[in-house]
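Student: Protein chains in written order, with numbering that gives the first Met the number 0: chain S, 0 to 166; chain U, 0 to 127.
Worth flagging that the hints you see were computed from the coordinates, not collected in a lab.
Here a beta-carbon is modelled for each residue, glycine too, at the ideal position from N, C-alpha and C.
The hints are all genuine.
Here are the simulated DSS-like pairs of lysine-lysine, each with C-alpha atoms no more than 25 Å apart in a straight line:
#1 U:Lys109 to S:Lys165
#2 U:Lys113 to S:Lys165
#3 S:Lys18 to S:Lys6
Calculated from the model, a selection of chain U residues having no Cβ within reach of chain S, i.e. all distances over 10 Å:
#4 Cys13
#5 Ser23
#6 Glu30
Label pairs and their calculated CB-CB ranges:
#7 S:Ile108 to U:Met82: 50 to 58 Å
#8 S:Phe81 to U:Thr2: 33 to 41 Å
#9 U:Leu92 to S:Met0: 52 to 60 Å
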Amino acid sequence: MNDIIMKYMCLYIYLLFMKIMNIMSGISSILAMGLLSPVQSMLSLMILFLSTSFCLYLQGFELIGLLYMLMYVGAIAILFTFILSLLNIEYLPKNNIQSTSYLLFIFLIMPLDLSYEADSLIMNLFNINNELITIGDLLYSEYAIIFMLSSIILVMSVVGAMSVIKC
Amino acid sequence: MFTMYMMMAPMMACALMMLNYLMSKSNGYMEKDGPFECGFTSYQQSRSSFNVTFMLVAMLFLPFDLEMSSILPYVMSAYNNGMYGLMMVVTFLMVLVMVFMYEMRLNAMKLDRKYESKSKEMKTRLYS
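Same shape as in the complex, but just chain S:
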């Protein structure tokens, strides 16, 4: 009896957590675009990264969820925060309407749902237990050209950093 209660509570907490993370990612994405001050926008961007990583992890995509946390929060958010500390921006609202209302109005008329079914975008729904091995099987043999393209993108980013600091 206790086991059943524990399982029910675990499932309930799990679902609650996932729904909270889903809602939080949606709200923080709108806030990241709509807020005026860059510091507040940066904070909502970090909340977006974290909640999206939680959503992905809880749905079973463990590798990509952890990679989101590692890459987005660990590298990109840190970089944005450092660059934000250098800029001296002060955004003031024009007229009386806030810019968030413009964004929400555009969202009202933009069709964001692609269909009424839950898994409309997914083509194959297999049970994958070893995401890392599957990605490794494909990335280095069949989609190797994309791998080489990513190397060139990383080269360009380093060259861009060198040219920015006038080296």
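Knowing the structure of chain S, use the given hints to seat chain U on it.
Tutor: Relative to the frame of chain S, chain U by itself:
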């Protein structure tokens, strides 16, 4: 059992914090509650310029970290990819090693780097 631990640990932390909040005395004045700036009073943000090398450390961390995470799936599937996969990974790494050598050759991370215009140097060398 782990679920019990995950529920009890935050409850314990919150209980101890509430106990501290309820039972403690607090005499707060401005010097104690405000931010500490080595004794100076700070009413606005005080920023000063710093060396660009510090920014470059954070900026260049990103491509090399992404390179590491692109190498990550290979270590699990090296046997499945065989020689072709190895050659792909070696090419990728060689490209990035060349970029790293380029960055090292430019002395980008030196703290006391002086910016000298190379065209001016060449002009004086032509005339003298």
